[in-house]
Amino acid sequence: MYKYSGGRNIDELHAFVTDGYKETGELEDIPAPPSWLQMKLKALDDNSWIKTTMADFDDILNYRKNAAAVMLGMGFVFGVLIGLILGMSMASSSSGGSAAKSKKE
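All you need for this note's numbering is the position in the sequence shown, starting with 1, plus 766.
Think of the hints as simulated: they come from the structure by calculation, not from any bench.
These numbers come from a predicted model, not from an experiment.
Please note: incorrect hints may appear among the correct ones.
Below, computed lysine to any residue pairings styled on SDA-like, alpha-carbon distance capped at 20 Å [as the list claims (entries may be wrong)]: (1) Lys769 to Lys788; (2) Lys769 to Pro799; (3) Lys769 to Leu779; (4) Lys831 to Thr818; (5) Lys806 to Asp825; (6) Lys808 to Glu792.
Pairwise CB distance ranges (calculated) [as the list claims (entries may be wrong)]: (7) Ala834 to Asp795: 42 to 50 Å; (8) Ala833 to Glu794: 43 to 51 Å; (9) Leu779 to Asp822: 19 to 27 Å.
Think of the CB as a built atom: it goes at the ideal place given N, C-alpha and C, for glycine as much as any other residue.
Go ahead and model the full structure; you've got the sequences and the hints to work with.
Spelled out as C-alpha cells, the structure:
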C-alpha cells in the first residue's frame, strides 16, 4: 500500500495511479482486517441503548458513590437469595425423586 500525499484533482490522482506510486517510495504495510471481537465491540459501541446505559453507569460511579455501593449490595443480596431459592428447589426435587423410587421398590 502506497501513501498518497498529492492533490485531490483528477489529473494528479490519475498520474499517481498509473505510475506515480512507484516514484513516491512511501510504502506502508497493509493493515489486517478487523477480528471478530473488534467487529462485535464496534457493534456494541454503535448501540444507542448501551451508550446511554454506560453513560448512566459512569455517572453513578463518578458522582454518586453511595448509590453505587447500594446497587452493589442489592445485587449481591438478590444473587444470594436467587441462589438459595434455586438450591432449595433443586435439593427438594432430587430428594423427592429418590424417596419415590424407594417406595416403588
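_Verify the CB-CB distance for leucine 779 and aspartate 822 against the hinted window 19 to 27 Å._
Roughly 47 Å apart at Cβ, these two residues miss the hinted range, so it is violated.
_Checking one constraint from the list: CA of lysine 806 to CA of aspartate 825, max 20 Å. Satisfied?_
violated (25 Å)
*Holds or violated: lysine 769 with proline 799, Cα cutoff 20 Å?*
holds (18 Å)
*Are lysine 769 and leucine 779 close enough, with their CA atoms no more than 20 Å apart?*
holds (12 Å)
*Is the Cα-Cα distance between lysine 808 and glutamate 792 20 Å or less?*
violated (30 Å)
*Note whether the CB distance of alanine 833 and glutamate 794 lies within 43 to 51 Å or breaks it.*
holds (49 Å)
*Within a Cα-Cα threshold of 20 Å, do lysine 831 and threonine 818 meet the stated pairing?*
Since the Cα atoms of lysine 831 and threonine 818 sit roughly 19 Å apart, the hinted pair holds (cutoff 20 Å).
_Distance restraint evaluation - alanine 834, aspartate 795, Cβ atoms, bounds 42 to 50 Å_ = The hinted range 42 to 50 Å holds for alanine 834 and aspartate 795, with Cβ atoms some 44 Å apart.
*Below or equal to 20 Å on CA atoms is what counts here, so check lysine 769 against lysine 788.*
holds (11 Å)
Hint check: violations occur at hints 5, 6 and 9; the rest are consistent with the structure.
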